[in-house]
Amino acid sequence: DTEVTQTPKHLVMGMTNKKSLKCEQHMGHRAMYWYKQKAKKPPELMFVYSYEKLSINESVPSRFSPECPNSSLLNLHLHALQPEDSALYLCASSQEKGGTSLGADTQYFGPGTRLTVL
Amino acid sequence: AQKVTQAQTEISVVEKEDVTLDCVYETRDTTYYLFWYKQPPSGELVFLIRRNSFDEQNEISGRYSWNFQKSTSSFNFTITASQVVDSAVYFCALSAWDTGANSKLTFGKGITLSVRP
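For the record, the sequence lines run as chains H and C. Per our numbering: the first sequence = residues 1 to 118. Per our numbering: the second sequence = residues 1 to 117.
Honestly, the hints are just simulated from the structure, not real lab data. All residues carry an ideal CB built from backbone N, CA and C; glycine is no exception. Some clues are possibly wrong.
Selected chain H positions facing chain C (in silico; Cβ < 8 Å) [unchecked claim]: (1) Ala-87; (2) Leu-88; (3) Gln-107; (4) Tyr-108; (5) Phe-109.
For lysine-lysine, the following DSS-like pairs were computed, each having C-alpha atoms within a straight-line distance of at most 27 Å [said to hold, decoys possible]: (6) C:Lys-16 - H:Lys-9; (7) C:Lys-38 - C:Lys-70; (8) C:Lys-70 - H:Lys-53; (9) H:Lys-53 - H:Lys-18; (10) H:Lys-53 - H:Lys-36; (11) C:Lys-38 - H:Lys-38; (12) H:Lys-38 - C:Lys-70.
Please work from the sequences and hints to get the whole structure.
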């Protein structure tokens, strides 16, 4: 089972709202990722958690706040977003066995959340 | 630094035609991994293949085949007898470590494949 789930599928929010995106995997993977994808562009990495610790933060604005409550869950808290933040937000996970360098394993992606900021 | 070039941006074929999607990569690392992902209109990125830099064997999976050539830094993807369901954006991606201990996936810009009935 290579399933990564994301909720909600679609989200419309105003610039003053606070919302959260959720991601879950039950494959026993120890690395989880958030990507942002604009139309007709490749995904851009935002954050990586490895063994529930933040490993990579790609200089993302503080209005995006990631959280990894446990090895199966990954959240992205959104606050005071701008219209240009409208995009598809993809979550992914990979196995990352101990001793393996981050990035060696296949990343499995969820279906994404389509976010519109008004 | 790593780079992935997918020079073709859009390809349109008629069903049952064969089509090859090109991917050229750059890295200074000797150990690296190459991937292909499919993104249908629904948005989910679907994993197709992972290949490490030490395994140059070509791979075939049903109608899909991949040709990895280190000499030309290419990892091309061929769909034989294309079908309408193959219509999607296809991304080639590279994971290497020449910029540090942690690697991230470097994606190409993607190729939009349209298969007409």
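Results for each hint:
{"no.": "1", "hint": "Ala-87", "in the structure": "violated, 11 Å"}
{"no.": "2", "hint": "Leu-88", "in the structure": "holds, 6 Å"}
{"no.": "3", "hint": "Gln-107", "in the structure": "holds, 6 Å"}
{"no.": "4", "hint": "Tyr-108", "in the structure": "holds, 6 Å"}
{"no.": "5", "hint": "Phe-109", "in the structure": "holds, 4 Å"}
{"no.": "6", "hint": "C:Lys-16 - H:Lys-9", "in the structure": "violated, 34 Å"}
{"no.": "7", "hint": "C:Lys-38 - C:Lys-70", "in the structure": "holds, 23 Å"}
{"no.": "8", "hint": "C:Lys-70 - H:Lys-53", "in the structure": "violated, 35 Å"}
{"no.": "9", "hint": "H:Lys-53 - H:Lys-18", "in the structure": "holds, 24 Å"}
{"no.": "10", "hint": "H:Lys-53 - H:Lys-36", "in the structure": "holds, 20 Å"}
{"no.": "11", "hint": "C:Lys-38 - H:Lys-38", "in the structure": "holds, 16 Å"}
{"no.": "12", "hint": "H:Lys-38 - C:Lys-70", "in the structure": "violated, 31 Å"}
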